[in-house]
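We have chain D; now place chain Z onto it with these hints.
Take a look at the letters that make up each chain.
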Amino acid sequence: MTGATDRYLRLTRLAQRAFSHGRLERALALFTAAEDEAKRAGDRELSDRAFCNRCVVLLELDRLDGAVSELKSVLMRVRDPFTAWMAAYYTAQVYKADGNINRALAYARRATELARACPEPRAMAASANEHGTLALLDSHFAEAGEQFELALTLAGEDHVDAIGRAIIRDNLGYCMMCTGRSEQGMTLCRDAAAAIETVGARQYLAEVYQDLCYGSLQCGDFDEARTWGEQALKLAHQFKHPTVARNTLMLLADAAMDAGDEEASEHYLQSLAEHYPDFRGMKSFLRAFNVREVINLKA
Amino acid sequence: MKGLNRSLPPTASVGQRVRQYRQERNLTQTELARQIGIQQSDLSRMEKGEYRVSLDVLFRLLQAFEMSLGQFFGDLVQQGLTLQESNLLESFRILPRAEQDEVVEFVEFKRNRQRERGQ
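Line by line, the protein sequences give chains D and Z. For the first sequence, the numbering used here assigns the number 1 to the initial residue and increments by one for each residue that follows. For the second sequence, the numbering used here assigns the number 300 to the initial residue and increments by one for each residue that follows.
For reference, chain D alone in the conformation it holds in the complex (with noise of 0.2 Å):
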């Protein structure tokens, strides 16, 4: 990049301001100007990055996709590394977004590749934990673990709040139960589960516990697996988090199926059978088979 113009960089630190203050369209309009001031002075570049700048705040406004082809153009023309690592970052969003996994993972892997160029170390810290998480919906595991254990390593205080490591914790947890480490998943399920009841954050709760039940079970712990899924059970009603409650009811019809308690799997998979109307066949199902090993919890 060339030189900024002060105007530019007077409106950049405006917007940045602005948008750290939850001032969204004001933001906007100041990340515009700057960009407009870019490209006024002919520099490239510059502009590159003052649009990277506004898709930060585009995303916040869940206006982003109108955005993705110039984020593609940008990431095959810029040379800086940091405007790069944006528009790789943000076309990931965008894909994510649409629900497009599969190609959101892609640009993905891309800005996790550009982060270790920049010499930002919030981008590295960012790129292994949104790779991360689009790789664990994809349900590659393995790379989903190397991820999250890298992005554990960045997360310092001051770039991720104690609920963000914890969530990040449970993550890689869940890979790891996925990959066979099933104790050493539990252990980092725990810790996420001890961080997030010390903040109080309890609507964070339901999943770790349900990752918990998840992860007693494969430790074939079954006593352990109904006590953790009654609690995400009955935080997932609490804070409406459906699929939460469908995988926790299959998982604890499993833990009663595996403990030989008729009754009580009988009670969940009614519960769950409630879920899917159409399905009338699905208790006789899963009284037959044990599907919670073809099941991505978190996709």
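These aren't lab readings, by the way, just hints derived from the structure by calculation. Among the hints, a few may not be true.
What the hints assert, rightly or not - Straight line, CA to CA, 30 Å or less: simulated DSS-like cross-link-like pairs of lysine-lysine:
| # | chain 1 | residue 1 | chain 2 | residue 2 |
| --- | --- | --- | --- | --- |
| 1 | D | K96 | Z | K347 |
| 2 | D | K240 | D | K96 |
| 3 | D | K234 | D | K283 |
| 4 | Z | K347 | D | K283 |
Stated by the list, open to error - Okay, the calculated bits of chain Z under chain D, using three or more residues with CB under 8 Å as the criterion:
| # | stretch |
| --- | --- |
| 5 | 353-359 |
| 6 | 395-408 |
Where a beta carbon is used, it is the ideal one built from N, C-alpha and C, also for glycine.
Same frame as chain D, now just chain Z:
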């Protein structure tokens, strides 16, 4: 009784079933993926046993095949066994030979008593 002796199908065998049923219905991966709301590449990975689905997608898949859930893993149905019979057979097969003989004797005893009552 400890445990209900359920089958634990490996991801790979689920994928093989999906491919088999899709091909029997002359559906392409793209068509089936669209029906169940996932990417074709994900369905391809699922058929290879590399991709785990959500519970919702698993049930949508069964709906797309218009199969009862029990039919999905159709070996039991093909063999003409009920689930209970299949579980019993599975348990029987893992017993030592001497204990299998005891089970056979017990079943014969029960059959004889039933015959006697019938006379």
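Hint check:
1. K96/D x K347/Z: holds (24 Å)
2. K240/D x K96/D: With Cα atoms ~22 Å apart, K240/D and K96/D stay inside 30 Å; holds.
3. K234/D x K283/D: Given that 30 Å is the threshold and the Cα spacing comes to 22 Å, the pair holds.
4. K347/Z x K283/D: The given pair, whose Cα atoms are some 27 Å apart, holds under the 30 Å limit.
5. 353-359: Our answer is that it holds, as 6 residues pass the Cβ test (under 8 Å) against chain D, meeting three.
6. 395-408: violated (count 0)
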